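Participant: One letter stands for each residue in the lines below.
Number of protein chains: 2
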Amino acid sequence: MKKLIIFTVLFVSTTAYCDPIQSKVHSAKTPSENASESKLSLLNLPLLKSGKTNVIYLIGDGMGVAATSAYRYFHDASENKTVDKTIFDEMLIGMSSTYPDDEVANVTDSAAAATALATSIKTYNGAIGVDKQHNNVGSLLDVAKERGYLTGIAVTSQINHATPAAFVAHADSRFSYNQIADQYFDLRINGKPKVDVMLGGGQDYYIRKDRNLVQEFKDLGYQYQDDINNLNQLTKAPALGLFAPAGMKFAIDSEHPLRLAEMTQKALDLLQEKPFFLMLEASEIDWCAHANDVACTMGEMHDMAETMKIIKRFIDAHPNTIFVATADHSTGGLSISANGEFNIRGEYMWLSKVVKKIKASGPVIAQKLVANKAQWMTEWMDLTNLPLTPQETKNMQQALDAVTDAKTKEEMMRVQTIVLSTIDYYSCTGWTSKGHTGEDVQVFSYGKDRNKFMGAMDNVDIAKKLFTYLKP
Amino acid sequence: MKKLIIFTVLFVSTTAYCDPIQSKVHSAKTPSENASESKLSLLNLPLLKSGKTNVIYLIGDGMGVAATSAYRYFHDASENKTVDKTIFDEMLIGMSSTYPDDEVANVTDSAAAATALATSIKTYNGAIGVDKQHNNVGSLLDVAKERGYLTGIAVTSQINHATPAAFVAHADSRFSYNQIADQYFDLRINGKPKVDVMLGGGQDYYIRKDRNLVQEFKDLGYQYQDDINNLNQLTKAPALGLFAPAGMKFAIDSEHPLRLAEMTQKALDLLQEKPFFLMLEASEIDWCAHANDVACTMGEMHDMAETMKIIKRFIDAHPNTIFVATADHSTGGLSISANGEFNIRGEYMWLSKVVKKIKASGPVIAQKLVANKAQWMTEWMDLTNLPLTPQETKNMQQALDAVTDAKTKEEMMRVQTIVLSTIDYYSCTGWTSKGHTGEDVQVFSYGKDRNKFMGAMDNVDIAKKLFTYLKP
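First to last, the protein sequences are chains Z and Y. Counting from 1, position 410 in the first sequence corresponds to residue 410 in this note's numbering; the numbering is continuous, with no gaps. Counting from 1, position 156 in the second sequence corresponds to residue 156 in this note's numbering; the numbering is continuous, with no gaps.
Certain hints may be false.
Note that the list lumps identical chains together, so a pair holds whenever it fits in one copy or between two copies.
Below 27 Å or equal to it, Euclidean Cα-Cα: the simulated DSSO-like pairs (lysine-lysine) are [what the hints assert, rightly or not]:
id	residue 1	residue 2
1	236	471
2	452	464
3	85	464
4	407	359
5	85	353
6	452	312
The set of hints was computed from the structure by calculation and includes no laboratory data. Remember, it's a predicted structure, so these values are computed and weren't measured experimentally.
Please model the complete structure; the sequences and the hints are all you need to start from.
Facilitator: Here's what the structure looks like:
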């Protein structure tokens with residue numbers, strides 16, 4: 001299969017901050033042909049005229065408008081009726097459309113959206129760093145590395161999951177996890193792996209029977225840690241931290257509920273000696289929303305918000321930094337209030353106070369109820385603070401009684417479904433889907449150039465604008 | 001009951017476009033005490049320093065982000081995979097929170113939101129131009145009229161419906177329709193009714209057994225028309241056009257599907273001789289969304305979009321005009337795609353092509369099926385172009401068979417529910433509610449000052465900013 005590294009046409013609609021350029025298509029061997037030698041000629045990219053700029057790019061996976069609006073209620077601590085503004089309000093600057101270029105789907109998945117956000121190329125759902133014709137396309141991270149920037153990724157999913165993968169790897173399918181993991185080591189720019197600091201989950205993909213990529217990174221001089229409690233043992237780049245077998249625990253279930261914020265601070269500490277490109281993802285907003293788990297979603301939103309506060313402080317101290325945050329798509333069809341005036345309260349309401357009292361994700365609540373069947377109501381009240389009606393109690397009892405020692409997926413899911421639908425009912429939370437939805441997402445920015453991301457745009461426009469900040 | 005006319009504190013967070021001022025509270029008699037004499041002293045309002053500016057303020061009732069995003073797909077005519085941008089994309093500038101100040105509800109209704117947008121005061125759900133203590137509060141339209149601007153409203157609901165009412169009247173309850181209609185005539189500024197051009201629905205409220213307000217307006221010199229086909233018979237202000245007993249027909253059911261655009265053009269024609277304040281509402285986006293009727297919603301969105309194009313052309317010719325459009329809240333929990341990959345197509349999809357083929361609103365389709373029971377399938381195919389499965393056919397047949405000669409509301413609603421759920425199923429449209437939801441809404445602007453509405457704000461901030469444009 002013939003593959004090309006393409007660097008994208010970077011026409012940006014306003015010309016204030018870049019010079020018009022011509023597209024340039026570079027021949028290159030495939031990764032398997034010659035991974036260590038691929039060197040990209042990038043001389044014709046448009047440039048900003050001032051000095052080098054750090055780029056921080058944060059993606060809230062699945063973070064639709066309902067998520068940031070709900071978080072405002074969730075975050076509000078005031079006794080008065082004013083709902084306190086959030087860091088999202090402070091940084092909101094525009095909105096983005098997200099549709100893919102797919103033969104069937106017209107609502108994006110995370111792979112196509114991440115490829116658009118990373119490379120400025122629309123592609124099909126499932127594609128990682130390849131265009132619709134399956135040609136490799138170069139990412140912002142590729143260009144940054146080629147031009148001598150330090151590079152980093154910090155995510156709460158496995159580091160080879162779709163969104164970060166589109167910045168580093170090329171694969172026809174997002175589910176080629178091992179192939180993608182290999183590319184993090186095998187693909188080289190100027191003879192070195194592309195990413196200097198990698199933090200997140202993914203041990204199972206990097207230490208496998210057929211290959212121990214962690215050892216290979218160590219042999220190249222990478223520091224390595226596998227426990228987030230030892231994050232501070234990472235003292236210099238290059239560094240690799242894999243803190244979970246696959247994705248990290250949900251914030252709501254974790255002893256490190258602000259683990260993205262922690263990893264972001266560490267990445268900034270390790271990268272700031274040189275100009276850097278840092279890609280971040282609050283990966284599991286999407287996972288919680290796929291499960292229609294509102295308390296879990298709010299836990300991830302809080303980690304994202306605290307991450308943005310850390311970035312704000314960094315930029316206040318290092319103003320030559322551009323920061324953009326956005327979402328790849330919306331997930332779950334979340335709405336604030338559901339069933340109109342026919343909900344539990346008979347009013348247009350969303351009860352964040354119900355959500356605030358939930359102490360674990362749906363699957364963890366289900367596990368704990370099953371593990372303590374005899375005293376499940378005590379466990380339930382401790383974890384949710386939601387008194388059940390006799391009928392609700394009966395339904396839950398039946399679901400728990402039906403769980404066998406095998407604890408099959410179906411048995412556990414039945415319990416989880418009752419748990420989450422009860423939380424939805426009492427908090428007046430609405431969902432339309434276990435999948436993605438096509439509403440526009442928000443664009444956030446902070447720092448001196450934030451107005452360049454003003455108004456409506458498409459996801460590829462965000463990448464096009466960010467490319468202009470990467471100087472040789 | 002003691003009532004006050006309050007003119008709001010107009011502190012705007014950035015000081016670039018207004019001078020800091022002190023709040024001023026004006027005593028005034030209630031409308032019933034002395035409607036014709038209330039005269040407002042407004043000397044301490046903050047002012048822009050340049051010349052007089054026309055203000056056009058368009059509210060898309062119930063128009064959440066899903067509505068504008070869905071409209072982009074609906075509007076797209078291209079054969080390629082790029083989804084064409086809309087007038088909403090061209091004008092997007094910010095977003096707004098919408099929550100009310102209500103003892104129970106924390107998601108707004110149209111009355112509280114309209115009062116916030118008209119006066120800059122948060123209040124309880126149901127309130128029309130009164131604050132939480134039931135004091136009257138002055139609106140942008142009041143200030144404009146006081147300062148010698150011509151004033152207009154054009155809406156697709158009855159003109160005394162919640163949103164326009166909050167700009168003109170004061171009532172403890174939005175449902176005091178007759179009292180509100182009376183105030184359109186009885187409340188005076190400088191001895192005259194507040195609104196010079198009124199276009200929309202509402203004959204039943206203005207020509208009643210107890211009072212003929214239309215005749216009273218005529219006696220004051222207002223031109224009057226009751227048929228939108230005679231819109232051009234209105235040749236000068238003051239003018240009143242009431243084109244339906246209550247709300248006008250849905251766009252999708254109307255021979256004038258662009259009736260808001262038509263009325264807007266007429267209002268601009270009648271008002272443009274002097275500086276003016278024009279309030280517009282695409283009222284029935286909300287009504288279609290309350291019914292969870294996606295084709296109906298898209299018809300209203302198209303009228304709103306065409307209205308914005310007319311306003312754009314006007315501003316291009318009259319640049320001393322500020323235009324802001326927003327929504328009062330989201331309605332229905334609409335999502336683009338539903339049920340994830342378990343929908344009819346097995347992909348993340350929203351099928352605008354299904355929606356485009358629907359020729360009538362849910363209630364009209366239901367009426368036509370019932371009226372032609374023997375040949376209902378022919379009628380159905382003509383109105384929807386959606387072939388039904390045997391099971392769907394059976395369900396519809398049963399619902400139609402159950403409709404008696406009385407055609408009760410319940411019987412008709414059962415048919416309508418099947419009609420709309422079938423359209424949702426085949427178009428992959430999701431809803432969570434027959435009521436309002438609390439997600440932030442978008443803010444749109446066009447013209448030289450549009451950047452003043454950039455970023456995140458609250459609905460009261462929009463009013464505060466617009467007050468600064470109304471000069472004596």
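Participant: Would you mind marking each hint as holding or not holding in the structure?
Facilitator: Evaluated hints:
1. 236 with 471: Cα proximity of residue 236 and residue 471: one copy only (24 Å, versus 61 Å across).
2. 452 with 464: both (12 Å within a copy, 26 Å between copies)
3. 85 with 464: Classified as between; 18 Å across copies, 30 Å inside a copy.
4. 407 with 359: within (22 Å within a copy, 51 Å between copies)
5. 85 with 353: The answer is within: 17 Å in one copy meets 27 Å, while 39 Å across copies does not.
6. 452 with 312: Answer is both; intra-copy 17 Å and inter-copy 23 Å each pass.
Consistency note: the structure conflicts with none of the earlier hints.
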